[in-house]
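Line by line, the protein sequences give chains X and G. Sequential numbering from 110 applies to the first sequence in our numbering. Sequential numbering from 110 applies to the second sequence in our numbering.
Simulated from the structure, these hints should not be mistaken for laboratory data. Among the clues, some could well be false.
Claimed, not checked - When the alpha-carbon atoms are kept at most 16 Å apart in a straight line, the in silico EDC-like pairs for lysine to aspartate or glutamate are as follows:
1) G/K342 with G/E297
2) G/K279 with X/D179
3) G/K279 with X/D316
Claimed, not checked - Which stretches of chain G does chain X cover? Using the computed rule of at least three CB atoms under 8 Å from a CB of chain X, they are:
4) 131-144
5) 249-261
C-beta: ideal position from N, C-alpha, C; glycine also.
Number of protein chains: 2
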Amino acid sequence: MLVAMTLDEQCAYLAKGCVDVVRADELRRKLERSRASGRPLTVKVGFDPTAPDLHLGHTVLLRKMKHFQDLGHRVIFLIGDFTGLIGDPTGRSKTRPPLTREEIDANAETYKQQVFRILHPEQTVVDFNSRWLGALGSEGFVRLAARYNVAQMLERRDFRQRFDAQQPIKVHEFLYPLAQAYDSVALEADVELGGTDQLFNLNVGRDIMPGYGLEPQIVMTVPLLVGLDGVEKMSKSYGNYVGVNEPAEVMARKLVEEFKGDDAVMWDYFTLLTDLAPAEVEQLRAAFGRGDLSATDLRFRLAGFVIADLHGAEAARRALDSVRRRQEIRINPGALVLEGGTPDVVVTTRVRFSEAPFSLPRLVTDLGFAPSTSEAARQLKAGGVRIAGDKVADLKWSPPGPGKYPITVGSRKVGLIVVE
Amino acid sequence: MLVAMTLDEQCAYLAKGCVDVVRADELRRKLERSRASGRPLTVKVGFDPTAPDLHLGHTVLLRKMKHFQDLGHRVIFLIGDFTGLIGDPTGRSKTRPPLTREEIDANAETYKQQVFRILHPEQTVVDFNSRWLGALGSEGFVRLAARYNVAQMLERRDFRQRFDAQQPIKVHEFLYPLAQAYDSVALEADVELGGTDQLFNLNVGRDIMPGYGLEPQIVMTVPLLVGLDGVEKMSKSYGNYVGVNEPAEVMARKLVEEFKGDDAVMWDYFTLLTDLAPAEVEQLRAAFGRGDLSATDLRFRLAGFVIADLHGAEAARRALDSVRRRQEIRINPGALVLEGGTPDVVVTTRVRFSEAPFSLPRLVTDLGFAPSTSEAARQLKAGGVRIAGDKVADLKWSPPGPGKYPITVGSRKVGLIVVE
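Using the sequences plus the hints, can you model the full thing?
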């Protein structure tokens, strides 16, 4: 709880990283009134009812929800199961068959396992919009549809583009923004959050609420997160993501070693993936500018914040230590043996000393460093393989005795051969 | 029953007077199949659920429904109560408040009293579309709306005009044609009839039926009837109508004396307001062309057909006799006394012989032939008033004794003074 913040600080904390805030003055007034009355605001966010597999891109929105919770407000995690129960009513999309009630409930559980890594469970209400949209009935839907104009609908960019390009828009597509808007009426939402692509739909809710005797909701949107490649949006299909449920060590490796974004992307990550106040991000930026912090330091800092939020501080420390050690091994592969420790992220293969000599192409392939023994043999001959820091070129290897032998292939693949 | 007609005659009988038949070849095929199987066609026609007060303009459609019944088919008189129960969902029109179930049922009774003057009750099913549209529910409505494109909707002329003129079209207005189309699905209609203004909506039904595994319905439209003035469409608000429930005598007077249409309108009336086959209308037209029938004869013939259908042949004969006698009186006002009869359509005023002399301006005003006694006095002085065929100019009148005295003001106002 950060209720000790001034109203200005609250506004800045909530607006941090947002693309749209419609409207900031109304948000301020609602926050002021909430503080005076002690009545928390209702913050609504809609989610797709299909099976979720969340990554850091999704946490930008979850974190914004959490920011409201940090200030004492109530978040409705709204699962849009009404449309899920319908599926693709045109029957054209094979990927959108109707979901059963059981599937939707199972998906809700999957959501909870992931989102409660960010959200405060006790301030989160998980709800389903079929509760009220189903009850609307034929008549209610007609009445709802009477609240918006066709021309207003065609102001939505994707509708307009399809209409102008003479691509079909089915009439029911006009009903979905209205159904989403009605969710805000049913929940009497004070605020609705969403991605920038949701701006039109969120504003439909704003538009129709006064007709139901409600104050229009505040609409706030967050941007899409760029992926680890620094180019495309973060997405499973681009492989440039960090999954919310991934182990701390995998997260640490991805954020420190796989991140390819430039400085701008790094600062976006600080803004969108941490709870740092804008002023705190500015301090880091200044330290980086003075050279007090290196780019690598920044990655470690960022990874520390992100992993601590998702796995706890202790897990974050261990994961980062592991990455740090891997980096040291890479710089000086001998270090591992001198230290005597075995970071568990290092790939390990175990052999019996009694079975020496060993086929090195086989060991390299077992470690996953080469797709085949012939490719491993090629790398050996090219001199790309080192054991305990020494280049090896022979295909057979006889260790001096049982022990742990670090092996590197190229500059980035680090493994350990445990000879028992 | 006219099932002895050939298939060609059936097609001509049904298409007579229609503006659109979509499509004539399919209609023929359906008729053929129905005759072969003995299964009657289902002919659907939708009516507004608001209180009906039908005039001859409405009978054009009712008569087309009857033509199908004449050939042995089944008509669904569908009352669109689903939209009636909603009223104007925008709340803007004070003239379209939601109707109660009781009001709709009462209106249905009012319809029956009128439409069964034309339709065969035993081949008519009165139904209500709230039965299935209400049951569709939120999900069903979304699915239904997925069956049509926004661009297709905007092909409807009035939508396109409003869209181009930037006048608002509410989204629910797109749902009504789909709801009407779904009625055809629910009823498995073979044919839907309507006014020409309904062509688009009826075709939506045609369009969506194959998606439900049904053969597309045949769409047939009838034109608007021109009113007695021969200019505007027949309408209560223009005062140029003949009401379906009006007495036979009033109908006869309106059709014979008040009709101002030219020959073309008269032949439209024969086509649209009678069951004459096209060939029979042609025979009348030829007789008129040869001078065997006068324009007045045609009016009497037409009125005879129309009134006989609505009030029976005997009532039609009496009503026309009455009009004929009025016309004779007009030509020779003395005729009435000579005949000794008193047609009840003639306006009558009664006075006591003992109170003579009478104020003629007062009598003329009492008969409703002048708005005031001063205007009546003016007409008397101008020589426009005759009693028993003689011009009168004095303001006082002393009848020779008790009796019935026809009085005419100008050439068209004929009344009777009964001196007792």
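Practice task
Check each numbered hint against the structure and report the violated ones by number, ascending.
Solution key: Checked against the structure, the hints that fail are numbers 1, 2, 4, while the rest are satisfied.
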